[in-house]
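K.L.:
Sequences and hints are given; from them, build the entire structure.
The residues making up each chain are set out below.
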Amino acid sequence: MIYREAGDFKTSYAKDQQTFPIAFDRWGYFITLAFAFLVVPFIINDYWINAVVLPFLIYAIAAIGLNILTGYCGQVSLGSGGFMAVGAYAAYKLMTGFPDLNIVFVIFLSGGITALVGMLFGLPSLRIKGFYLAVATLAAQFFLVWLFNKVPWFYNYSASGQISAPERSIFGYAVTGANALPAVSYLFCLCFVVILAWAARNLTRGANGRKWMAIRDMDIAAEIIGVNPLKTKLTAFGVSSFYIGIAGAMLFAVYLGAAEVGEAFGISKSFLILFMVIIGGLGSIFGSFAGAAFMVLMPVLLKNVMVGQLGWPTDLAAHFEFVIVGGLIVLFLIVEPHGLAQLWRLAKEKLRLWPFPH
Amino acid sequence: MNAIDSYITPDGRTIGAPVMEMKNITLRFGGVVAIKDISFDIREGEIRAIIGPNGAGKSSMLNVMNGFYHPQEGEVHFRGEKRGPMRPHQIAHQGIARTFQNIALFKGMSTLDNIMTGRLTHMKTGMFSQIKWWGAAQREEVENRELVEKIIDFLEIQTIRKTPVGRLPYGLQKRVELGRALAAEPKLLLLDEPMAGMNVEEKEDMSRFILDVNDEFGTTIALIEHDMGVVMDIADRVVVMDYGKKIGDGTPEEVRTNQDVIDAYLGVAHD
Amino acid sequence: MSANFYFGVEVFLNGLMAGVMYSLVALGFVLIFKASGIFNYAQGVMALFAALTLVGFQNGQIPFAHLINAIFGTDLHHFGWHMPAFLAILCALGVMILFAFIVERYILKHLVNQEPIILFMATIGLAYFMEGLGDLMWGSDIKKLDVGIPQGGNIWLEEKTAFLGGEDFYGFYLDNLDIWATVLAAILVTSLVLFSQYTKTGRALRAVADDHQAALSVGISLRTIWVIVWSIAGFVALVAGIMWGSKSGVQFSLSLIALKALPVLMLGGFTSIPGAIIGGLIIGVGEKMFEFLIGAPFLGGATENWFAYMLALLFLVFRPQGLFGEKIIERV
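Residue numbers (my numbering), protein chains in the order written: chain P, 216 to 573; chain A, 341 to 611; chain H, 3 to 334.
In case anyone wonders, no lab produced these hints; they're calculated from the structure. Certain hints may be false.
[As the list claims (entries may be wrong)] With a straight-line Cα cutoff of 30 Å, these simulated DSS-like cross-link-like pairs (lysine-lysine) come out:
| hint | chain 1 | residue 1 | chain 2 | residue 2 |
| --- | --- | --- | --- | --- |
| 1 | A | K422 | P | K446 |
| 2 | A | K543 | A | K502 |
| 3 | A | K464 | P | K230 |
| 4 | A | K447 | P | K225 |
| 5 | A | K447 | H | K36 |
A quick note: this is a predicted structure, and the numbers were derived from the prediction, not measured.
P.N.:
Right, dumping it as structure tokens:
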């Protein structure tokens, strides 16, 4: 009764194409945004920001990035961890090489550099398809991690081989380094998330998104109706890597503060992002958020229950996490290959008729 | 060969100069000769049919025409110009659209989105205005949507506008595919067995759409079809292929009385 | 001939032997891919799981001891027996066959007709699941695996070849374990090829690989074939697990051998058994020689992590159909 579209007539094509065609959704979206910007920073405690909210926001960016490539353009990538490393090391080199450069530019530039690297590794996608490509992206993963490990220039010849983020501030508030206030880091990440999600939505709703989806659904037919396959795949790789690079830069600079490449950006990170996209829903921006939230929240929850409540040793909890994550992935693919986003859509369908389903 | 520049059909339409000319096309896959030294032309405003038994090389011919296959010998002339080495997507931009024998729709997208992909060759806004959306990108989207809605009306598929195409029955999928090709506003429309697997009513519908497209938009059409009755009814001129060779070319009446064609269709032994 | 040359030969031989092991793992992939169109990412974890189970049986570990202890506050760990290696191997094989049944019953059956990429991702989930399960059952500490295969350098070969390289060269150093592994892998590969070519089940297997529906229509049970194939893959995983486990202990890194087999598959093609064998040899020799000649002296070493992938990637760009594939004619 409350959630409905009856009486909500569209009088122009522009209105028919808007992101939230149902008024209730639109208001829900605005209220969520206002809440996130105006209320959350004042009520949330540091534990929640550091354990849940920051990783959620940063991984949501990465998940949107991978979803553009895999969910929209159909090119499976297992190289996300490597591309995040490119973003992180680019940010590090930019921050230490140009101390006066504004942190916002640093992060966008890191994304740009990652986009170029991503496009380079996307070049073979014209000739290599499907699994072969998925495996080929592992080449990027292993090569990039090796590169950042072995070439000291990338970590400024530091003895530990680690990179650590110097302090940078925006409007006088530190966002990176030890003095950054959690609420400031939170708002900083939130701004990026909102802008990038909005851009991703616009890129996928129109001509550009249709090119990607055409390549995903049937590449030969797409080429015959006039889609340039190389250009389209490369833009997907570029845009996707841009997002993933930004996520890598922020994970390093804002969240971790210091990082070692094999540990922070290893292959398990590639899988983590891929799982977010699968569980959230391939080809859905909302799904990227849902998947990121799920994959960030679940281990925290499991740990709280098993270690905190039941008093089990932590390694046992970690093993359980593997079992549950793996089981859930399989379960999701069996029950709903389109993920949480599809479940949400189905729930809304039901809600439209509630409480009179006939 | 037709030396004249134009001719008038029995129903009074004027057919103009050649849009596409195939000159001595030969196509081989390894040692197999799929098309052997075939020449013919397609004229402005005409409905040109290519017929022949299974394996005659008709689909290969269509694939040569839209640049998916590159013939080893021969030339393709389109709108008076010889075609150089081009990729299929470039050829689509020149104004050739097609449908496929086995439906090649984008399964993950709605009917509307599928037909909108046909407009991609006409949509030019860059990536940055796409990101901004408000302004150029939205304006372009709405303009193209209007044209696509006309095609949806024309094909009588308004009710399935937002249905994912994977859920549609076969006949409707064929119609959506035709819509996608029409959305490109092609100079030359290639149809690969548009009526394969359809029942009589669906065939009648599809024939009507093809004739209307030709009539209302003046689109030049080349089509492959198995059903001789349909071909004789709607085609202006017919090319007959058998074992990769051209064995007949002319009006439906000429082709029907051609002895080679009769032999090919009645199955006289090849020697 | 200088000593360096003979070092090179030694590296080459070691690469060849590593290559046979890669082939063995790759073969597990190829078998499942041919029969069910599934690119089974869990193959490496299956090897880990099989090796863990084998050690567990040998040492009489109580499965899930950790978990039971944590829940009930007990202090269980061992049954207190020591099983002979042969019996333990049989038991581990039994577990892998049981595992094949479970996978077919609870996963594959529900995913029929899904797109290949969905199936692939399901096997990644399966890999995570098994990794966690293996640790839960047997604990995550590094375990020693000894089924009686001789280890250590082959003295005989070393003595016989010592004369070759003069002062600095002490003869070829080859590990007995590697030699054994190579021989066993070669036998296994040969018997698998013979099995799929000359037995009734093998024929059915190839029929399913060619065309699922056609195979169904002539009365081949798809589900039985899947159980058989996953059982064979489990067996191959067990053998690989024994070899690699004996060499460097049973631990998490064992599951990474799957990552070594992937470039082999790219090179040889996902459907070609000879491709898997030759691809494995090329990659094994290639990465060892690259590390020896270029990686270690000029690039700071550890190039084995990525060399195979880069080689396969470059190769595919120029020959997308792989080593043994036919040229792909695209149709519409």
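K.L.:
Provide an ascending list of the numbers of those earlier hints which the structure does not satisfy.
P.N.:
none
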